[in-house]
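*Asks:* Spelled out from the first residue to the last, the chains are:
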Amino acid sequence: MRPEQGTMQSRAQAMAVLLELLTDQPVIICNGFPSREAYKLADRPTHFYMIGSMGVAPAIGLGVALAKPMKKVVVLDGDGNVLMGMGTLATVGAMKPKNFVHVVFDNEVYGSTGNQPTLSRSVRLDQVAKAAGYVNVERVREREDIAYEFKDMLGKDGPSLLLIKVTENAEDVGRVELDPPVITDRFRKAITGH
Amino acid sequence: MIESDQFVQALEDIGFNFFTGVPDSILGGIITTLMERQLYTPAVREDEAVAMAAGAYMAGKVPVVLMQNSGLGTSLNAIISLNVIYRQPCLLLVSWRGFEGKDAPEHLVMGRTMTHLLDAVSIPHRTFSEATAVEDFRWAAQTFMNERIPFALLLKKGIVKGIQP
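Just so you know, the sequences run in chain order A and B. Each step along the first sequence adds one to the number in the numbering used here, with nothing skipped, and position 117 is 117. Numbering-wise, the numbering used here comes out as the position in the second sequence, counting from 1, plus 1000.
A couple of the hints might just be wrong.
Okay, the calculated bits of chain B under chain A, using three or more residues with CB under 8 Å as the criterion [claimed, not checked]:
hint, stretch
1, 1056-1065
2, 1073-1083
Partial chain B-side listing against chain A, Cβ under 7 Å, derived [to be verified]:
hint, residue
3, Val1044
4, Asp1047
5, Glu1048
6, Ala1051
7, Met1052
8, Gln1088
9, Arg1112
10, Phe1137
11, Lys1156
Ranges between beta-carbon positions, derived for each pair [said to hold, decoys possible]:
hint, chain 1, residue 1, chain 2, residue 2, range
12, B, Ile1014, A, Glu168, 33 to 41 Å
13, B, Arg1138, A, Asp152, 47 to 55 Å
14, B, Glu1130, A, Gly87, 34 to 42 Å
It is worth saying that the hints were derived from the structure and are not from the lab. Ideal Cβ positions, reconstructed from N, Cα and C, are used throughout, including at glycine.
Isolated chain B (complex conformation):
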């Protein structure tokens, strides 16, 4: 398991410098680290977070939005009618609740359909793992530069040390 400190440092090392989002238990350790480093602006909804990221990008920042995958539902309209069509890139760090059907009932449909949903709206995505971490971060940096739209790095439980590891 990766320490959240290492994970955040890797994101900072490749240039990400504006972090906002809505918490999830899987993301809890990362958010704690970001708050300790005074890098995190908490949002109340995920569509607010992606819009803040859009503003920060246009003001010269390289933004990351953290959210549970349920937040993809909440923010989908902002993502596709703001960030995508205006070409405002951000890294969506999305926790994969409901992975393989092992989660609370409210997470099961999104857990099963999330990657299809992302494919349907042409949001590039990749699932993060410890073994592929270096390539995953390189992919994030390259996708930001080349695609100039939001793209998702999916994070399953137990990969980065969380509040409830």
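So here's chain A without its partners, still in its complex pose:
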């Protein structure tokens, strides 16, 4: 049951497409390889890299989005993460923050711990988000589709969820070299100006 056609990207390839389209938007990136890849691809003070607390990236993003309704907040998440904190799809769907863009890289495995399968192979997370009340939901895999849909979501009212089917491939990346309090301080400064 794979309705998508075309070439599947690695998560890092897909992430690079997204980061190119971003400027000063707050971006929350989930723990594990996604944060490490984002840090390597483009480190910005507006990036909040998670190193633990799996499953709560969209909750952090929701907190930012509610406090700063004029800023478009982007969450870069994974399928294992969404499954762990699936209740937050309901919170977002109910609160309906217009400035919330939730990207889910779906590789159907727990990639940071040895590629054990997740349930996203049989559970359509995009449909769960739709049912929970996300306003715009798209499921893509092609590079051009990723860029088109993400640009579209950045420009219109959400909450939006972009599910990107990606390969299991992870980049050879080191850990995020910033101390967690430093990540907090510079993100806060970038968002609030102080």
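Since chain A is already given, all that's left is putting chain B on it; use the hints.
*Replies:* For chain B alone, coordinates are given in the frame of chain A:
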């Protein structure tokens, strides 16, 4: 007994301005007041609530998370692997179910061990009372500024007017 309106006003007066959490009967009056004032964002789980508080803090807010003490169990990993290590402060307003063993069975273990649990993970805590209310609120404001980690104000039944006083 303190009116929930007074309690919320005191929190607002010292600067708290973002409220989320998961309900408990002891907290019911406070949550009703917060909802009337349109200050409350309901969460579905306590780890979601502390993460929302972390985001709100980084966006300039001064957050409070309301929860039953059972929620400390649910949210402990987020508290210690997000809020604590990233230095994202919030006031945890925690209802003390199972206090002195007088509660339903599911509350007894957490009721007995909660303060030890908080001590074990170095979360500052203090038990709120009407007689010490002024100092309790001052402690909350100072701990937020000085410690920059989550800290808990524990609320027993019958101190602030709840849904079932």
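*Asks:* The structure should be examined with respect to each hint, and the outcome stated for every one.
*Replies:* Structure-based check of all given hints:
no., hint, result
1, 1056-1065, "holds (count 7)"
2, 1073-1083, "holds (count 4)"
3, Val1044, "4 Å, holds"
4, Asp1047, "6 Å, holds"
5, Glu1048, "4 Å, holds"
6, Ala1051, "4 Å, holds"
7, Met1052, "4 Å, holds"
8, Gln1088, "6 Å, holds"
9, Arg1112, "27 Å, violated"
10, Phe1137, "23 Å, violated"
11, Lys1156, "28 Å, violated"
12, B:Ile1014 to A:Glu168: 33 to 41 Å, "50 Å, violated"
13, B:Arg1138 to A:Asp152: 47 to 55 Å, "50 Å, holds"
14, B:Glu1130 to A:Gly87: 34 to 42 Å, "35 Å, holds"
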